[in-house]
Amino acid sequence: MTTKLETKALSAWFGRKQVLKGISIAFEEREVTALVGPSGCGKSTFIRCLNRMHELNPGGRVDGKVLLDGADIYGMDPMEVRRKIGMVFQKPNPFPNMSISDNVVAGIKLSGEKKKADLEGIAERALKSVGLYEEVKDDLRRSGASLSGGQQQRLCIARALAMEPEVILMDEPTSALDPASTSKIEELIRKLKSEITVIIITHNVSQAARISDKTAFLYLGELIEYGNTKEFFESPKSPITERYITGRFG
Amino acid sequence: MVVVFFFIMIFGMLLIRSFPAMARDPLMIFGSTWDVEAGIFGAAPAIIGTLVSSSIAILFAVPISLAIAVFFTEYAPSQIRTGLSVVIDMLATIPSVIFGIWGLWIVAPLMKTFVQEPISGSLGFIPIFSGPAYGLSLLLASVILTFMIVPIITSISISLLSSTPVELREAMISLGATRWEVVRHVALPFSKLGIFAAVMLALGRALGETMAVTMVIGNSFMWPFSSISIFSPASTLTSKIASELYEAIDPFHVSSLIELGFLLLMITLSVNSLARLIVSRYSQRRYGT
Ligand SMILES: Nc1ncnc2c1ncn2[C@@H]1O[C@H](COP(=O)(O)OP(=O)(O)OP(=O)(O)O)[C@@H](O)[C@H]1O
Ligand SMILES: [Mg+2]
Chain A
1 MTTKLETKAL SAWFGRKQVL KGISIAFEER EVTALVGPSG CGKSTFIRCL
51 NRMHELNPGG RVDGKVLLDG ADIYGMDPME VRRKIGMVFQ KPNPFPNMSI
101 SDNVVAGIKL SGEKKKADLE GIAERALKSV GLYEEVKDDL RRSGASLSGG
151 QQQRLCIARA LAMEPEVILM DEPTSALDPA STSKIEELIR KLKSEITVII
201 ITHNVSQAAR ISDKTAFLYL GELIEYGNTK EFFESPKSPI TERYITGRFG
Chain B
1 MVVVFFFIMI FGMLLIRSFP AMARDPLMIF GSTWDVEAGI FGAAPAIIGT
51 LVSSSIAILF AVPISLAIAV FFTEYAPSQI RTGLSVVIDM LATIPSVIFG
101 IWGLWIVAPL MKTFVQEPIS GSLGFIPIFS GPAYGLSLLL ASVILTFMIV
151 PIITSISISL LSSTPVELRE AMISLGATRW EVVRHVALPF SKLGIFAAVM
201 LALGRALGET MAVTMVIGNS FMWPFSSISI FSPASTLTSK IASELYEAID
251 PFHVSSLIEL GFLLLMITLS VNSLARLIVS RYSQRRYGT
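Protein chains in written order, with my numbering: chain A, 1 to 250; chain B, 1 to 289.
One chain only, chain A, in its complex shape (with noise of 0.2 Å):
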């Protein structure tokens, strides 16, 4: 097992208030991990320290170290840092001004692919791995605000995807979801592992027990407990962690 991405005291602010208080957590590469915890905790916050999302809000401040592979995110691009670890939101957001195809090459035309043919076949390559290329192969020029919401967060993974990154972020990915479009988001989670660290945050246990392999729990923006998802919810160390999963708690 290597880490692919690690914090190390990892504080933010939003203003003067303090969201995080000096989170140290390692991701391993080509694993699954599950953030939960209660509303407001500071999961979004989090992961938005990532990717250097957080910084642009105003008053938004960071201060410890992010690690990718050992390098510092805060010492480099924050463009190239983007492009290298990817982010699905809880909302869909496709571009309604793009068509389908459009959509999911946006980011690759940002940084500099231009052949329609090339392009086309990442189009192509990134719709199948989320499993919309048949639904949607008929007519790849319709807008990409027109297709379903479970659809259109495929379409955003497929987004995130086609940019070859080493590590995925998703803050609830299916919260805004129905059950069958969940259930196929959650699969695609799986079969992401194979290639990419994913870290995702969840409000709903049982999602993070079936699709996880290292869960983390987030309380007023402390790091409460890490470990691997299944002795997470078997033995639970601290006692918050389990009147959580047990569900008696906000």
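I should point out that these hints are in silico values taken from the structure, not numbers from a laboratory. Quick caveat, the model's predicted, so the values are computed rather than measured. All C-beta atoms in this analysis are idealised placements derived from N, C-alpha and C, irrespective of residue type, glycine included. Each hint should be verified, as a subset may be incorrect.
Here chain A is said to cover these stretches of chain B; the calculated rule only asks that three of the stretch's residues, wherever they fall, bring their Cβ under 8 Å from a Cβ of chain A [stated by the list, open to error]:
1. 166 to 177
2. 182 to 191
Straight-line C-alpha distance at most 27 Å; calculated DSS-like pairs for lysine-lysine [to be verified]:
3. Lys192/B to Lys91/A
4. Lys192/B to Lys114/A
5. Lys192/B to Lys109/A
Keeping the supplied structure of chain A fixed, place chain B with the ligands upon it in accordance with the hints.
Below, chain B with the ligands alone, put in the same frame as chain A:
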């Protein structure tokens, strides 16, 4: 309802009052000679002047306004933003006669020395830049119009750009986009239809602007038939009407001037309807490609 009635009333009034001139010779108004003594009322220079001065103003104003709006929403620190929005709002409230005075006393001499003379000195062999610099000119009118419509396009563009959904911006950022790429691929496409509508609104304003234009355009019929230079004095429908209506005695003169008003209304009306048509066409297809 009241508005429609009011509009029909104005429309009818213009039509009835311009009827004598139209009935006498329906095509005369499109001729190039305007001679009150001889009873010839051809206003092609004014019609073309209106269209051209407004188009040049739009050509200048669109890039300037978009640059300000993009700078404002995407790059400016918040202190500058507050200052800038005060300036934009103030500019929008300046009465047009003030723009006229300012154009006459300040912009005209500056443009003469720093724009007209150098350009006609070096590029004078091109007809549209040729000829002596009079000071009052078509270009001066277009520049003053530009100042008058930039606030309109800018403030609407700012509100459109800043209402771009955060989710879309973040989606683009998460793919490694720079600030400019977010503007280019997300904010501008999201706002383009609204910006188009704002430009059409500004065009309507420019076409109908009277006071400032009458003061700075020189109100001469030499453009575009004797001289095609943009540095030459010219005229517009509005400047023609404003400068002659109060002294016109000959009923055909009066009637011809009113016919010019009718033409102006037709022009602004068609610009407006065309804009509406395009906006509704595209907003239906917004989610198509
Ligand atoms: N833009 C902001 N400005 C100020 N405070 C914020 C902002 N966004 C979030 N916060 C605060 O930061 C804390 C952590 O928020 P965060 O969104 O990271 O929580 P979360 O664990 O993702 O919650 P949820 O499960 O509801 O998504 C919360 O207390 C929240 O109120
Ligand atoms: Mg969240």
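We went through each hint and held it up to the structure:
no.: 1; hint: 166 to 177; result: holds (count 10)
no.: 2; hint: 182 to 191; result: holds (count 4)
no.: 3; hint: Lys192/B to Lys91/A; result: holds (24 Å)
no.: 4; hint: Lys192/B to Lys114/A; result: holds (24 Å)
no.: 5; hint: Lys192/B to Lys109/A; result: holds (21 Å)
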